[in-house]
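Protein chains: 2
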Amino acid sequence: MTSVINVNLPEQSYEIAIAPASLDQLGQQMASLNLGKKVLLVSNPTIFRHYGERAITSLTSAGFEFASCTLPPGERYKTLNSIQKLYDAALENRLERSSTMVALGGGVIGDMTGFAAATWLRGINVVQVPTTLLAMVDSAIGGKTGVNHPHGKNLIGAFHQPRLVLIDPEVLKTLPMREFQAGMAEVIKYGVIWDAELFTQLEQSKRLDQLRYVKAELVNSILTRSCQAKADVVGKDEKEAGLRAILNYGHTIGHAVESLTGYRLVNHGEAVAIGMVAAGQIAVNLEMWTKEDAERQNALIQKTGLPVKLPDGVDIEAIIEALQLDKKVKAGKVRFVLPTQIGVVTVTDDVPSDIIRQVLQGM
Amino acid sequence: MTSVINVNLPEQSYEIAIAPASLDQLGQQMASLNLGKKVLLVSNPTIFRHYGERAITSLTSAGFEFASCTLPPGERYKTLNSIQKLYDAALENRLERSSTMVALGGGVIGDMTGFAAATWLRGINVVQVPTTLLAMVDSAIGGKTGVNHPHGKNLIGAFHQPRLVLIDPEVLKTLPMREFQAGMAEVIKYGVIWDAELFTQLEQSKRLDQLRYVKAELVNSILTRSCQAKADVVGKDEKEAGLRAILNYGHTIGHAVESLTGYRLVNHGEAVAIGMVAAGQIAVNLEMWTKEDAERQNALIQKTGLPVKLPDGVDIEAIIEALQLDKKVKAGKVRFVLPTQIGVVTVTDDVPSDIIRQVLQGM
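Taken in order, these protein sequences are the chains called A and B.
Residue numbers 1 to 363, in full-length UniProt numbering, belong to the letters of the first sequence in order.
Residue numbers 1 to 363, in full-length UniProt numbering, belong to the letters of the second sequence in order.
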């Protein structure tokens, strides 16, 4: 069963292809895009050990010349230093403007590979082959690339759309449970901001905390509906002039929590879960959202095994200060995405600090 | 006397404003563009000493909040390390997505400021205020930004169009003679590739080696016709899919010479002059161009005081090898821009190495 979702953009459209065992089709799929012969495959050592050979076999049998480069795993290596290594590999392998970097990995590999591709020779091709749920439903789609500044996440980056996103759901089988749950945070997000039907489907599943307890039909729905939601939003607002901001639901406070815990204690999905609980409660306190809907959201988050409370020891005033560093700050005002019903959100920069403080103290 | 040239692009058009004393109008001109209040002024220490105060006075009286950052001068500081300093200044001054970096300086400052603006928060505004002839007629226009990799020039970069290019011809008075001549290389280039009328005007001037010997009328023509040529070409092909490649006339061998002399012995304009002599001779040897026109070109280059021969000690085989690193290489083939008459060029990747070798040996 193959699903193809189109991301329609003015300058360059592309496909998200979702199919079991599609990793073996990588070279063939790329061959249909008229790319140059040279490919730099970027991964981390663990993913490369699991799936590198299959990707390479597929690339070489489709006639591509490949080189590979692995980067250490984890958000704390998402730095300009790692990008330098990709530049060095690009130089060593004489990548040309028609060449392609292939990101085989999670969000960190995808973001860095995308940024290196965006800035090498002022932009070469990138293909995203996400191997985590989070990357599949979110970071691999939409062209946001970036690396962290020591003082803030993704402060350095560029918009650079992939030529293809290839999703092989079978690779989720080797994904650690905690990372599966982290991806589910973004899936729940799509339910709250865009797709009430997806939200209801998630509610109907007995368990959401481990892949093996989720029915194949629901896994399929999770992937296709999430990718479709992202493609819809990005297709309407590629560069985040307006609508796309809704994808940041849960990310305002989420990013602050991630940053303050050094990108280690709390992972991105967990931080987004905490951020959604906070944003939901802010919306309730501002009388924009019902307490009942907020509880339905929080119940889904809990059923997934994600946190609904701030980690111990995080200073609330430090969170409020860190919000000022958010990329979405405008004229010193922090922008929040707040739900008004399941499937619908609104964007506001008019949340009083006192309400934020009060909500965080209650968590 | 004010000239305004429009650069018309699908996503964002902008003006090149050329007027004496326009440096004092910087703030006012920017105020009309609906930019955010925060400005980071980027310059090098010498330029900042000459013109920083006037720029700042103009910005503050137009209501902008400014911070400034100076970077050491010279191509060898055009590195990711310098970009890091700009990121740090952006963070320290809490630049937002609506904020603007203003590049006050030559090509190095313009390229680095443009790259930092392209990649901070995935792209903030940049305004170019070029202070060298080379930056005025070339690098400040068209959105190419970049930094050097230790093994090649501008290998790292992005396309990022400025919101405004402000040219004050009066600042050329403090430009060292050698840098004036370097800029003239690009002016002669426009004559050869695009504007035969400009070429003839240059031929009619007795001297071209120092600004003070060039009539005001010709200076005006040099600036407006060169900027118009660049705007025409970029407007037709922003991302260098085709036509824009003609702007690289003289740059294929030029970049190799610059790189092999460590960006010190030979400056960019001088390297382009050498590259134009070489490309012209290649075209003559391939019977695409007349010997007479090539001699007219070389006479203009000499009248400007620019070199027409390779610097001593540069290894010809090393040049031929360095050509393979050029951004314009495709499937291992080096792309050359070759003149067919004054004002017209063609692009080819079919120049035998033997011809290149033979031409370089004759220089």
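Rather than coming from a laboratory, the hints here were simulated on the basis of the structure.
Possibly wrong hints are sitting among the right ones.
Chain copies aren't distinguished; within one or between two, either way the pair holds.
[Unchecked claim] DSBU-like mimics (lysine-lysine), calculated; alpha carbons at most 30 Å apart, straight line: (1) K37 with K215; (2) K291 with K38; (3) K333 with K85; (4) K236 with K333; (5) K85 with K303; (6) K309 with K37; (7) K303 with K239; (8) K85 with K239; (9) K303 with K215; (10) K239 with K38.
Hints, verified against the model:
When the C-alpha separation of K37 and K215 is checked against a cutoff of 30 Å, the pair qualifies neither within a copy, at 40 Å, nor between copies, at 53 Å. In the homo-oligomer, the alpha carbons of K291 and K38 never lie at most 30 Å apart, since the shortest distance is 55 Å inside one protomer and 40 Å across protomers. With identical chains, the CA atoms of K333 and K85 are at most 30 Å apart between copies only, with a shortest distance of 26 Å across copies and 37 Å within one. In the homo-oligomer, the alpha carbons of K236 and K333 lie at most 30 Å apart inside one protomer (25 Å), although the nearest pairing across protomers, at 39 Å, exceeds that limit.
In this homomeric assembly, K85 and K303 never come within 30 Å of each other (Cα to Cα): the closest approach is 40 Å inside a single copy and 45 Å across copies. Neither within a single protomer nor between protomers do K309 and K37 lie at most 30 Å apart by alpha-carbon distance, with minima of 49 Å and 37 Å respectively. Neither within a single protomer nor between protomers do K303 and K239 lie at most 30 Å apart by alpha-carbon distance, with minima of 34 Å and 48 Å respectively. When the C-alpha separation of K85 and K239 is checked against a cutoff of 30 Å, the pair qualifies both within a copy, at 28 Å, and between copies, at 26 Å.
Only within a single protomer do K303 and K215 lie at most 30 Å apart by alpha-carbon distance; the minimum there is 15 Å, versus 79 Å between protomers. Proximity of K239 to K38 under the C-alpha cut-off of 30 Å is found in both arrangements, the shortest distances being 29 Å within a copy and 21 Å between copies.
The structure shown violates the earlier hints numbered 1, 2, 5, 6 and 7.
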